[in-house]
Each structure stands twice: as C-alpha cells, then as structure tokens.
Amino acid sequence: MNETESGFERGIAEAGLSARLGPEQRQLLYAELKAAARRQRRKLGAPGTLQTTAVVHEAWLRLRNHAEFVDEAHFMASAALAMRYVIIDYIRAARAGKRAGQAGPNIEDFMLVEDARHAEVLAVHEALGDLAALKPRCVHVVECRYFGGYTDAETAEALAVDERTVRRDWLFARAWLRDRLDEMPRE
Amino acid sequence: MTDRPTPEQFIRIEAAFHDALDLPAAQRDAFLESVLDGEPGLCALARRWLRAHENENASLDRPALARTTDAADGSIPCGSKGGLDAGTSVGVWRIVRRLARGGMSTVYLAQRDGPGFRQLAALKLIAADADARRFADERRLLAGLDHPGIARLIDGGITDEGRLWLATDYVEGEPIDRYCHSHQLDIRARVALLIEVAAAISYAHAHLIVHRDIKPANILVTSDGRARLLDFGIAKLLEPGTESTTRTGTLAMTPQYAAPEQILGQAITAQTDVHALGVLACELLSGCNPFAVDGDSLIKVTRAIVDREAPPPSSLCTDAARARALRGDLDAILLKALRKKPTDRYASAARFAEDLQNHLAGEAVSARRGSRSYRLVSTLRRHRWAFIAASAIVVLAAAGLSWRLQQLTAERDRANAVAGFLGGLISDLDPGARNSEDAGRLGLADVLDAGRVRLAASSLPDPLRAQLLTRLAEGYNGIVAWDKAASSARAALALADESDTASRLPATLALAMALSGAERFADAEPIYRQLEANPDLDRARRNQVATDYGSMLLAAGRLPEALAAFDRAQYDPVSSFDAVQQAANLRFRATALSRLGRTDEAIASSRKALELANEYFAGDEIQRGICEANFAATLRDRDPEQAAPYYQSALQRFHRVLGANHPNSINAENNYALVLARLQRFGEAEALLRANIARRIERSGADSREVGEAQQNLAALLCDRQRYDACMTAAREAGRTLASSLPEEHYLRAFPLLTLAGAQLATGAATDARRTLDRADSILAVAMPADALPRKIVSARQAMVEVALGDCGAALDRLEAARGALDEDSRKRYAAEFDRASARCVNPSPPP
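Top to bottom, those sequences are chains A and B.
Residue numbers 1 to 187, in the working numbering, belong to the letters of the first sequence in order.
Residue numbers 1 to 848, in the working numbering, belong to the letters of the second sequence in order.
Excised from the complex, chain B in its bound form (with noise of 0.2 Å):
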C-alpha cells in the first residue's frame, strides 16, 4: 500500500489536497481522480486526508490544556449550559437574567422583592472555588466601601454548589470608553472623568482596597454622565492563597491593562491601580493603549508591558489636534502613571488625579518637574501669594537655620521649586510669556509686584530683605520690566551692609542688566568696568561678568569692544555646570562677529554653541532654541537653505514652550523671514515680516528698537523685490523710529539709510542717494573700522552713486575696487547692482 508515500509522492498528494480544499465539498473526489489520475494508491490517500478533514469536530483544535467541557465558557458549568435559569434562587436574591460572562465569573441581574420594595443588583457568580474564611474578611472590608463613583457591596454568600457570589448596585451606564465614544466627548470633558474615576480608586486605597483589574468594562457611565467602578477587589478573590508562589498572577487581571507587577507576580500595591489608570487614560485620551503590539498576541502584549517604557500618548494619536492637545502636561502626567517601577509612579490615585486637575486648572503639574522653564512658571503660578513666604523659608536656611527646614518637610518641595526660580535661572528667558494671551506674562508680574508690595511691609531683618529684593530684581529682569528691576536692584543694594559682597554681587549685576537693558548704556558701563576690576571675583563671577558687560556693548553697537569682552571669559573644557553661559557667551559672540561681516568665525562660534545645547542641556528646548536661531543666523546670508530648517525648528521649539508672542518666538520668526526672502520666498517672507511688526508693536510700541529692525527689515525685502517706493517708505519709517529708540551714532540707524539710498540709486535720484550714503558712512565709521563689510557696501554703492552721476573715470576704477574688497557673499548679493552700474558706462543711456 502506499501508506508510506515517497517524498515527490508526498509532495503531490499534498498539493492536490490543499488544492481540493479550495474546492466546493462536491467537486473535490473529481478534482483528485483527475490530478492524481492511474495512481489509485496516492488518490485514495489524498481521499482518506480529506474525509479525515471533513470529519475534524474541531477537538485537536483546542489546544491540550484546553478543557473540552464548555471551553469556550471557561466557567465550571453550574445549572443548565453553565448558567443559573431566569428564576433561580440565589440567597434573597431572584436570578433575572444573564448581564454578561467573563472568564471566571458570570453576571446576572437579580432582583429582591420585599414589602413595599423591589431591590435591583448585579449578581456575579464567581467560577471558582475559593477559601470561604477569606472571602468573608474581603466581603466585609469590601461592604465598607461607600463612595458614589463605586458599585456598592449589597450582598453575597455561597451557593450551595460552594460557589461564590456576590451582589452589588445595580450600574445601568455605558463603559466609560463607549461612552466617550458615543457622546463624542473632548478631551477636556474625557480628563474630567478619569477624575472622577481616579477619586474613586483613591478612596478605595484609602480602605486599603486595591481594584487591580480596572478596565473599560469595569467602569460605567450613567446616563447623567457618572463614572461608576464595578468589580473592587473581586480580582482579589480570584486570586487563590497568598503564598508568593502562586502570586504569579497573569491571569487574574486582563493583560492589556496590566501593570509589570502583576505580570512579573511581584507585591500589587496601590500603584498598580495607577499605572491600569494610566492605560485607560491613555487609550480615553490618544485612542491607542500603550501598549499594544501588531496582532493581538498575549505574550507580546504582557512582554510590552514589562519591557518597553509606553511612548508619549500624544505619539499614538491619528489626529493630529489631539496630539497637540495631549503633548505637554498630558503626556507627561500619562508617561508617570505608567513608568514600570511603581515606586516612580504616582504615589496614589489620589495624585494623579491632582495633577489632571491642575491641568484642567491651567496649573503647574508635578509630572513635568525638571523641565526648568516651566517649573519657573508652575512655581510661581501655583504658589502666587506664598511666594514671599516660601523663599524666606529658603533663605533662613541658607543663613544656617537649616533645622528649621527640616523640622518642615512637607514644605520642602515647594521650597526647593521656589529656590530653583529664585536661583536666578529666570533672569535669562521669560517663562511668564508662555501662552499667547499673555496671560502667564501677567501672573509673574503680578507675582512679582504682590512679592514687592508684601516685601514692603514686612518686618524680615535687613539682610533677607536685600536678598529677597535681589531675587525680585532678577525676576523683573525675566520679564523685561528693566525699571522696576532697577529700582528693587538699587534698593537691595542700600540695605545690604557694604562688606556683605555675597548678596551684593548679584544685586549689582541685576542693576547693571537692567540698566542695559533700558539701553542705559552710560549708567551701566561704569558698574561692569568696576566688576571687572574687582579682584575678589572667582572665575564663573568673573566670566558672567564679561559676558554681560559683552552683550551690553554689543547691545550698544560697540562691536569689537563687544568681541573683546566676550573673549575675556574663560572656560574651561566644557563642564556642564557653565556649559549654557558658555553657549551663551559664543551666541553673542557669534552675532557680534556677524555683525561685523565676520562670516566664517561666526558661524564657528554659533556652530560651537549648538553643539554644546545639543550635548550638555539637549532638555532644555528654550536653550536650544535660542542656539539654533543663532546658528541659522549666522549661516543665514552664506547659505540660506541650510538655515531656514534651524529657524523653523527653533520656531517651533519657541511656539511650543513660550507661545507666540514671547520675543524669542518673535524674532526668531522675523530671521525666519529673512530667510525666505533670500530663497526668493517673497510673499510668505513679506507677509510674516508684516505679522511680525504689528507683534512687536503690540509687545514693545511703536516706537521700540524692535519695531525699527523689522522695519527696516521689510524695506530690505521691498528693495530686493524693486518694489522701490514701498522700499523707501518703509525705509524711512524705519530710519524714524530707530530714531526715537537708539543713540545717535548707534550703527543700526545707518542700516535703513543704506537702503534708502539703494533705492534711490535704483530710481535715479543719485544726488538724492550720495546724500543718504554720506550720512550712512558717518553713522557707521564711530561703530565699525572702514574695512567692515557694512562700510565696504556704503563705499561700493558710493562708487555707484559716482558713476550714476557721470563719472566713468575715477569712479569706475573704485567701483571696481569696491567689487573687489566685498568677501563673496555680498558679491553676489550685489551683483545685480554692480552689473547696472558698469552697464551704464558701457552703454551709456538716460538712467530709467
């Protein structure tokens, strides 16, 4: 017999098999005797195999472990077909109908009818035997449960079948995440009720009961839009003894929700039930569970759980409004809840719902403690009116009272968080500025005058004051209010005694900054100078010192004094404590060196900034933010498509931390311009320089400094877009408020004149732009040698003003010279220019 095919006949029969399958039942015999035709043997195997498969009831389909009674049940039968009939007496209880059966329980409504009552509950007969003792302590701690978000404990008992059960309230509600769904709710109204449900749970562990199976389905929504938990500690129940061998419990809790402790069979704590909140949160919230793996395999699923940290909710969102609204606090609160080490966890449900809370709020959440702007706002805005009271805490320590701080732990926190912003971490950026409206601008303000006004009328000793005003000061440097961080400046330094240089030092610098950042350059020149004479001052003092008095000059337009200052500082090889002044220091070196048309050594030095915001605090966005729009700045004229993806990544990181109207966000949007422009974006670069005027006018007044660059800057783009009478006005709209805004030999009013006088050259008014030219040239030669490029522009467009006027001797040797001594970038920025200025000496004709 062929029982025993060869390989090839094997391989036949098998295909002819498979291809049988395919077949309806009828045709299949046919289909064989035609494939495997004159061979009988092989055809009446192939047969066998397919009667044999026809036959299959499915049982080698189970798996060995499977049961065969009511597997698909998996509840050990009880009554008919595993079930208790409509009728069925269980204790007091009448069984009315079957609700819905999970793996090890079965649930029924049930009814109760007494005198002048009728009494619903929700009836789960549990599939298991169980220790009878145990179940009666978890039955009355479970009774003790009385919360409105949770199904309350009525009843339970034993059938007489030795089954457990128990009977709870009667939920009539849809699963929390159907009816999300259903009633469409936004995020807003989704976080509200995890609130409500993480209130629940919280008082659960309050009773030291842990749910460890909470889920979609155990949680309803009434139809008045209430969450309700169901099932509190019945995972418990099912769980048999308490030895650690069998803690193992994968089984009990259902696996997508469960937490690495469980799965791992390590001790369940209250922080299980955070990191199961922090999964339905998740999905509620993104769409996605955490942890979900392609497929649906269980080993891959509880393997995701225990090795693979859950991605930022926001990542799994489809819709992309959603993601935004989860990135930031959400993320970082979901993240926490679902770290695997409980211990990183939340301590309780009770925090979590805290921190949904202070989101809602719009307030500081503790997930995102380290990211150092935004504990700068969150301090201050949570703590608005103890921010005095807080910091003194902090200074008493510092005077050597540190028991005292001790003996107040549960203030602690707030206070270190107060000191992280007191630390003068403020004074470089302003956090306040974080939401467009302008409103978390408003709260530090509002904090520090509340702080100042209180500081007033208190009876601290004279030493704290000085260093409280200090801290003040800096803060009002933060939010650029250079005035009244002056005068707290100035009255830290009158009450700090005139050997006391520890709290002096940083009161001065305060001043100084302020003083320079009111462009009150004469007043805080002579501060710095005298700093620097200081010999008391260690290295950092002294580096911090030379930067400052650095961007002060370059502020004034004091370049090369700028760039000597700024080389006074010495770093050693990077250590990331002054690795963000060090960036800082070559930020505005770079712009510095920029500014003089040093194009090479600055790129070189804003390059070096990045790399060191990249290596040493890649955290802080703000920080790299800052470096990279100094990068693209300095690359901008070389090579702009490399530029504009650092703007816009700066743009970004800007808009996301600090809102749009921060001035970080403004100019760097402003630069971004620019660099569309020179890519020939013109109508996306004008319209955004546009929006950008009217920020800043809306930010610093029409007549600001700030104003007066973007101005000026749209003239440029006009001019470039020989849009000439546009150009002009702007021009000199530009020219008028730097004006009102700068001092009269400042470089930056020579910029508008420049073009200007390009403008005019274009139009024919040569006499017109020798005028301007002349002016410029003044202008420019009390801030730059005459070898910077901006002069070398104003002598190449004299020279083109020369030959305009007639001349093709003289002029037309210099113009070329002109040409010549221009580095290669403007060369070619200008050549267009250069071209229509020789042209007309070539072939001379009326100018247009």
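Looking at chain A on its own, in the form it has when it is part of the complex (with noise of 0.2 Å):
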C-alpha cells in the first residue's frame, strides 16, 4: 500500500502537480478516490465508464471545500492521476491474495476491476513510464481517458488543451500502446 501511495507521489512530480498539490491534500484526494471506488463499485451494475467518472466525481463532492481544489482542470488532472494509482492498488492487491491463496478480493473491493482486465490496465501502467519518455502529455491524456474514465471533453478541460488534441494525443498513445502491450509475453 504504501510503496503504491509513493508511486502516486511518483506520479504527481512526473506530472509537475506537486508545486500545485500539497502532500496533505495529495492524501485525502487518493484516499478519497479509493473510498469512492469501493463504494461505487458496491453499487449494481451500471456501465462502466459512468462508474468511473462518478468515482471521480464523488470524490470531488467530498473534497469540494477543500480550498487547494477550487481549481477544476487541477483537479480533475489530479484527481485521474491519483486513479491510476488507486487502480494499479487494487489489482496488485487483488493478485497478491490470490497468490497467498485467499478465495479472492474481500467483497470491500469487489470487482473494482475485472479480473480479465488486471494484466491489460497493469501493462499500460508500466509503459507509460516509457511513452513519459516520448510525450509527457499522451501520459496525462491516458490518465484521463483511461484511468480517469473521462471524455474527450473532459479530459480537453483538465489538461486546458483543446479537444482536437486530445483526440491527436490519444490515437497516437493508444497505438503506442497496443505496439508495446502486443509486444509483451502472455502470463
């Protein structure tokens, strides 16, 4: 848990978040995401893409008065990063119980991500690092879109870029993606 909250620490300065963020409100937003995540996830079934903005979003209704987040692109940025790490959370935690042979995550994190999915969304996880690399911005537009479940709009306004962008960013970081994911060995 804890070497994952580093990552996210990681992951703000890559972004160039921190001067902007606080270590006090970098806790609460990841904290927050991971509650929210968990909560929605124990609701029933609703497609998947507006459950993760409402993720999201529900932890933008918690944190609302927090004044470090009045800014909307900040937090919105902020807050897909911090899902990304929140997300990349669970499925390690989720494959490590399995390893130590427990029937499977506690019904606290069910199904926060499919289990069909965990070797996909870790990939993308460990090539961003690499496209960070090439294109600083294709991360933060997978962050939104992927991780942060955002549209094209939205993603356009937390990264105050226009959509055409985002939109360019993406067919390049996805196909980047899908190279480098089809170049990995099968578990």
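Hints were generated in silico from the structure; no laboratory data involved.
Treat the hints with care, as some may be off.
In silico SDA-like cross-links for lysine to any residue, where the CA-CA straight-line distance does not exceed 25 Å [said to hold, decoys possible]:
id	chain 1	residue 1	chain 2	residue 2
1	A	LYS135	B	PRO7
2	B	LYS340	B	ALA217
3	A	LYS135	B	GLU54
4	A	LYS135	A	ARG164
5	A	LYS135	B	ASP37
6	A	LYS135	B	ALA15
Some residues of chain B that are not near chain A, with every Cβ distance over 12 Å (derived) [said to hold, decoys possible]:
id	residue
7	ALA86
8	GLY114
9	ARG139
10	LEU141
11	ASP160
12	ASP177
13	LYS215
14	GLY225
15	CYS288
16	LEU335
17	ASP449
18	THR501
19	ASN543
20	GLN570
21	THR767
Covered stretches of chain A, as calculated for chain B (at least 3 residues, CB under 8 Å) [claimed, not checked]:
id	stretch
22	119–131
23	143–152
24	161–173
All of these numbers come straight from a predicted model, not from anything done at the bench.
Idealized CB from N, CA, C, for every residue including glycine.
The two chains are supplied separately, each in an independent frame; assemble them into the complex guided by the hints.
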C-alpha cells in the first residue's frame, strides 16, 4: 500500500502537479478516490464508463470545500493521476491475495477492476513510464481517458488543451500502447 | 535500433503517423516511405505504430474500470446476449419481446394466458442482486398503489438465476416530452399534463413512496392524452442497503433529473420528486433542461445541479412568445420547485400541482408571495368572499386576542396575507387593473363592495367596524373610487370613538386623500391643516401628512405651497422602512419643481428618488417604474435622449406588472410620446398620443382632466410639426376639456392657450394671439410668480405679438430681454420663433 502511495507521489512529481498539490491534499485525494471507488463498485451493475467518472465525481463532491481544489482542471488532472494509482493498488492487492491462496478480494473491493483486465491495466501502467520519455502529454491523456474514464471534452478541460489535441494524442498513445502491449509476453 | 528516437526524430515520426492516418489505408505505407525517405529505422517505427493502430480492438478505449463483458449493455448477462428470448417463462409470464434496455434493467413485453383472458404486462428484469426480503417489502408497498396516473404493479418475483423481476400494466404511449412535441401542445395543455403527473406523484407520496427517478422516459402519455407514470419505487430497489455510506447514489437515477440531495447522498424525501418535477416542467415548458451545460460532461451536469441556481425558465426559451408565457407565475413556480434546499421547495407535489392549477385559473400562485403588488391582487382574488371574515381575525388579534389566532394556525397565513393588503399598501397603487381587460380591477372593486355590504349587515362591535371601514376606504382610494372611499372613511369616523386617535387618524387621512383625488380641494385642505396642527402625531405620520398635503397642493396647481409642504417632511438618514415614502415625497417635489421650471433641482430630486428605489426596494417593479418615469419626466426637456430609455424601462415594468390600461402605464406612454416628439420622431409620437387619448377617454371619461392633458400634448406636438390648423383644433379641444374638469384659475388651463397663441401667431392672427396670451397670463399669475418659466414664455410671446404687429422699437427690446431671461433649454426650444419674430423687423414683409 505504502509502495503504491509513493508511486502516486512519484506520479504527482512526474505530472508536474506537486507544486500545486500539498502533501495533505494528495493524501486526501488518494484516500477519497479509493473510498469512492469502493463505494461505487459496491453499487449494483452500472455501465463502466459512468461508474468511473462517478468515482472521480464523488471524490470531488467530498473534497469540493477544500480551497486547494477549487480549480476544476487542476482537480481533474490530479484525480485522473490518483485514479491510476488507486486502480494499480487494487490490482496488485488482488493478485497478491490470489497468490496467497485467498478466495478473492474481500467484498469491499469486489470487482473494482474486472479480473480479465488486470494484466492489460497493469501493462498500460508500466508502459506509461516509457511513453513519458517520448511525449509526456500523452501520458496525461491516457490517465484521464483510461484511468479517469473522462470523455474527450473532460480530458481537454483537465489538461487545458483543446479537444482536437486530445483526440490526436489519444490516437497516437493508443497505437503506441497497443504496439507495446502486443510485444509483451502473455501471462 | 531506433526504438528510442531522439525528440526531433519523434516529432517527425508522430507527424508522419498522423498525416498517414488521414489517408486511405492502402496509401499509408507509400506515404511513410516518401516522407521518411532514407531513414528506414524511423519508417519502420512509424509503420509499427500504424499497424498497431489498425489492429487496435478498442479495448483501450474502454476505461480501466469498465467491464469487458457486455460492457455496452451494462446489464449482467442473463440468457443469450444478456437478454431473455421470446417464449421464455418468467413466473406465470411469457416473454414476447424486448421493449427497452436501460442501465440497470431490461424491460420486456410479457403476456399471460388464462382461461378466457389474455393479459399483457411490462416485465422488468433487474440486472442486479438485491436483498430478497427488502424486495418483498417494497413490492408489497408498491402493489398498494392504485391510481389512474400510475402503471400498476401486478406481479413480481425472483428468477431461477436470482434476478428480480416486476410486472406492471403495459402502457402503450409516448414519453411525455415526445408527446408534447408531436402533438404540438401549447403551454396550457402542457401545464395541465404536468398537473396530472404531479397528482399521481402526490398520491404515491401519500402512500409513503418516493419515485426518485422522474424523467420523460418514465412518463408515458396514452393516445387519449392521459399521463401514466412507470417505475415507481424502482430506483429505491436498485439502491443497495440502507446504511448511509451506500446511499450516496449518483447512479440509481438519471443525472439530468437528479436533485442535489441525491447527488450529495443526503436524505431522499418527497421534495426530491418535487425537484425532478421542476426539471421536467422546465423541459416541457421552456424546451431546455435548467442545468444544461456545454457538452454532456456528467461531472459538469451534477455540479451544476449541486451548485448552480436554476435560471428563470423563461430565459431558456428560444421562442419569445413562449418566454412571455413563462415569465411571472410559471417562472416563479418552477424556480420554487428547483430550489437547492429541499425544505425551500414546495412541501409536496400536491402543492406544486395546486400552484400550477392556480396559474391556469388565473389565481395567485404561492410561489410569488413576496412580490407586493402581486400579493395584493392575489389575496383579494383568492379570498373574494372570505376577505371580511379573515380581516376580522386580524383585528381580533390586534385587539389582544392573539391566542385565537394561534388556535387558528391554519388560517394564519391567509390572515397575514390579508393583513398585508389591509396594511394600507394598496392605497399607493391600483393593482386591480393588472390585467388589461380590467378583469382584475373589477375583481378588486367587487371584493370591496362585497365587504361593504357584509360589513353593513354584520353585528361586529363599532371599533372593529370602524377599522374595517378604514381599510375599505384605503382600498377604494387604491382603485381611484374616490366617492366610495370618502363615504367609507366618513362612516368609519362616525363609528370611531372621539378619543380613539389610533383608528381615527388613518380614517382621516383616507378621507382627505379621497377628497383630494376627487379634486375637492376646498374640503380636503382644512383636514390637512388640522392634522398638521395636531401635536400628537409622531414623525412618520407627520411626514405622511406633509407629503399627502403637498401632493394635494400639487394637484391643485399651487406649486410653491406644495414645495413648502414637501419640505416640511423630514426624513432621517434613510431607513428602508420609510424609503418608499421618502421617494414619493422626492418625486412629487421634483414634479412641482419641474413645473416651476426649476429643472436642475427637479432632476436632482427625482434622481435621488430613483436612487432610493434602486437601493431600498429594487424588487418592487411598480415603485421602481414610477421613479424611473419621474426621473425621465424631469429630464425630458433638458436631455430627451437620456430620458427616453428611462421611460421605456418604466413603461415595460408597468406593462409587465399592471397591464396597458393602468394609469401608470397610460402616463408613462404619454410621456414617452413627448420624448419621442422631442427626438423628432413625430410619427411614432403622434400615433402613441392619439392611442393614449383613446385609452384615457375609455378609462376616465371624455371630460376628465387626464384627457385634457393628453389633448394638450397632442396640440403642442401638432404645432411643433407646423400643422397649425390641426394644432388649433386640438388646443381648443384641450381647453374645453380642462375647463370642464378644473377650477377656473388652475394653471394647467393656461397651457392650451399658450399653444393656441403660438399657432395664431404663426398663422398671422397676431391680434387673436394677443387676446389669448392675456387670458393665459391672467390664469398663470394666480399660480405662479412672474419669473416662473411658463410666465416668461408668455411674456416672450407677448413681445413677439407686438413685434408681429409692427412694433420694432420697444417690443423688439422686450423680445430680446425675454429671450435673455429664459433658461437655456427654452431658448433653444423657442429659438426658431424668436428668430422668425425679430426677422420681421430686419426685413419687414407682410406676414405669411
């Protein structure tokens, strides 16, 4: 858990958000998103995309009175990044549980990320490190779209770029990720 | 390998990648080779990414938290492709076909055959696990709903796979929004439909069931035009558990129709449905969702619902006629339903329906309490016959029997509303004439008449009857029924004990106002004098007396005395409490100053009144309009261009709140016409003035002073346009009308003479003009000092006459002196006349 949180910290630094996000706010955001994700997942079967934004949204509602988060774009960019680590955290914990012979993640974490997607999601997370070296903005677009579940419009707002740019970056990032994922050994 | 290109290389590859994507797939490789010619490493990399792009199976487009299995559906698979095949049995039902698929459930048309009957049902299969016991409880509750506006629950159960299902009446119809559109329903029909929906919801609320997911898709209108609600209580079934952490439900309902408390995970109540009704009503009536945002971002929508006050629905309309229909009642009703705080909304769907009903019936809507003029009309309209009884309650309370009022809590609101009316507010205006058809005015007069009849027959103690008679008198003053006001006030004074100053004073003031209104100045004045001499009056009363007396003197044309009276009122640094009265004082004062030609002071006075209005009673459209009109009137001759927009704004306010035939509207229209004339927009001005005269005749009778004033304005306009014959006819007509409605020495009677003299002079009838001017001056001399502007104009015209009659000596000097004595505005205004007159002496020629 600590490992992942520090991963989140690292991500914050990579994304250039640290200056605008104090350590307390980071903790708060991370914790809220995680809790919100659990709550949302415990609700009964809604389509995934709606669910994902609902998580971010619920976290926003809880954090909206913190002055540090009044900037909507700032919050959304940070939240997408935090979601990335919440999701990775969950997958790693779920896999560790399996290896340890548990029946599955406990009910609280029920189906945060579908089993069948664990490998893909982890692979995307790991590949992003290399993508950052090529084009950092593409990483943020992936965080917003893939981990945050934002629409193109929301992504554009979070990153303060226009929607066309988001679509262009996403096309490239997606191709790049697909290329990388297809190269990776299957589990 | 170039697996890690340099930044420059990367930029080139990326550009090539995007450019290639714009081409047909077959041409892409050749394109890459041409742009990355001689760099096989880069080319290979670009090709790899292109291949990856072409191979992408869209799994990365799905967010990490989305499900891969049947993700587009969102329902948990159940039968082939997540649905039930035709013929499948569910309980006693047989699936016919799928009707609709939503986020959490799928609806099928199901059928059941029994001996001699065939029943159709909408069978809803819920794509979720749920607590079977809670489901059974809810089902029992839902089955109790039996209302023509609600699709009845007829069956329900749990499938072998553990899925819940519910069967309800199968309703064949169109969603309400589509229905309204396809049948092109007008606003009234839509409101009627909404009332039906609200009634059904109200019925459910009475059975302790909140819908939670009211939206157009859940309200079907059948071919006979009846609305029926689907899915009552289903939203609750879809919410897991009851503990607070899981109630934070953004998902169970449709965000666009959600209430803030649903988004924030707070308690769900009947008011949650009221909010949804408000959203629905807004969509059906204005055509737009009140929380619409650019794009369809869920986060933005929900945030708008939580944080943004809904705009008046009329402002959302693209259609101007529709916007007009919504402005007022409907805006107020919808906004009340859409308040953020549940307790600020209608207490129930029934109240919401009631207010819509009131609107349709032309009665007062509760959402508009707080607008003063509105409340007056509304209270009276609604309680036409209960009015006297209710006021008796107020008076009893005032007499120290407030315990009785407490017992009658149910009556209290009504009593308070009536008290508001009775508080004398009405004397300031005529809200009854709010509708141009005068329906409201008749309504108000009816109420007062009925009150008088019933009061005469009642056996109430004298002091109470005296107080009620005073209220009646104030009411009659408010609708300009001076004679009835005077007789009611006299009756009140006859009943009130000599020592009971508290009730005698308002009756006395009402009497004096009625007499002034009837222009019985000689009767009114001693009353004011007596009141002024009364040492027992408090400051507020003194101010009121001074202002009332001043306005009487103003109406009587005794301007300097009026000014002195207005100045006797002394206001503390303003409190909002007497800001309205102080503004009235300042306005009347401005009028008096303006008529005396003291324009700068007049403008200052009326500007201050307007400032008070904007600061202390900005919500009072009528008072603001009055102050705007007054300011414009004082400004009119100095700066017509600046004055025009104030008139226009005032006129709009009056039309909106009072209707076109209200005296305020009529006056503002008249004055607006005068400004248009000054701005050389003669055609518009003349048409407006003629219409205005007709309105005045209809309202006050052909012999009234109001008509005479308007006729005089028309005469002046015609003279300005050099249509002298028409001008003289109009001026004579104005003179006749004013002669029959004003005392002989009233200064207003001089104005048609002045105009007439101008026309006579211009047409060469100088001798006639001289006579006319002498008569004008003898009238003005009574009301005004020699240096008042109208008198200066008279003496200037007199000099013109002498010059025109050939006196190029002393008269010419007098003419120049008169010109010099005028203020700048008037000099400009009469410049042409002066020049024409003096030109005769420079170059004598026979008059035209």
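Now the hints, each set against the structure:
A threshold of 25 Å between alpha carbons decides the hint, and for A:LYS135 with B:PRO7 the separation of about 9 Å falls inside it, so the pair holds. For the suggested pair B:LYS340 and B:ALA217, the alpha carbons sit about 24 Å apart, so the restraint of at most 25 Å is met. As the CA atoms of A:LYS135 and B:GLU54 are separated by approximately 21 Å, the hinted pair is consistent with the 25 Å bound. Between the alpha carbons of A:LYS135 and A:ARG164 the distance comes to roughly 17 Å, so the proposed pair stays at or under 25 Å and holds.
Only pairs whose Cα atoms come within 25 Å are accepted, and A:LYS135 paired with B:ASP37 is accepted, the gap being roughly 24 Å. Taking the CA atoms of A:LYS135 and B:ALA15, the gap is about 13 Å. The hint holds against a cut of 25 Å. Against chain A, the non-interface label of B:ALA86 holds: every CB pair exceeds 12 Å, the least being about 24 Å. Every CB of chain A lies more than 12 Å from the CB of B:GLY114, the least distance being 34 Å, so the non-interface label holds.
Consistency note on B:ARG139: stated as away from chain A, and its beta-carbon is indeed over 12 Å from all of that chain's, at 17 Å minimum. Non-interface call for B:LEU141 relative to chain A: holds, since the shortest CB-CB distance, roughly 20 Å, exceeds 12 Å. Every C-beta of chain A lies more than 12 Å from that of B:ASP160, the closest at about 19 Å, which supports listing it as non-interface. For B:ASP177, the requirement that its beta carbon stay farther than 12 Å from each beta carbon of chain A is met, with the minimum near 22 Å.
At the 12 Å boundary, the C-beta of B:LYS215 stays outside the reach of chain A, the nearest C-beta of that chain being 16 Å off. The Cβ of B:GLY225 lies farther than 12 Å from every Cβ of chain A, with a closest approach of about 35 Å, so its non-interface assignment holds. Every CB of chain A is more than 12 Å from the CB of B:CYS288 (nearest about 19 Å), matching its label as outside the interface. Look at B:LEU335: its CB is around 24 Å from the nearest CB on chain A, clear of 12 Å, so calling it non-interface holds up.
Every CB of chain A lies more than 12 Å from the CB of B:ASP449, the least distance being 58 Å, so the non-interface label holds. With 12 Å as the threshold on Cβ separation, the claim that B:THR501 sits away from chain A holds: the shortest Cβ distance comes to roughly 57 Å. Every Cβ of chain A is farther than 12 Å from the Cβ of B:ASN543; the closest lies at roughly 49 Å, confirming the non-interface assignment. At roughly 50 Å from the closest C-beta of chain A, the C-beta of B:GLN570 stays outside 12 Å, upholding its exclusion from the interface.
Every beta carbon of chain A lies more than 12 Å from that of B:THR767, the smallest distance being close to 83 Å; the non-interface claim holds. Counting residues of the stretch 119–131 of chain A whose beta-carbon sits less than 8 Å from any beta-carbon of chain B gives 3, enough to reach three: the coverage restraint holds. Judged by the Cβ-Cβ criterion of 8 Å, the stretch 143–152 of chain A is covered by chain B as claimed, because 6 of its residues qualify and three suffice. Here the stretch 161–173 of chain A counts 3 residues with a CB under 8 Å from a CB of chain B, which clears the bar of 3, and the coverage holds.
The structure fails none of the hints (numbered hints given earlier).
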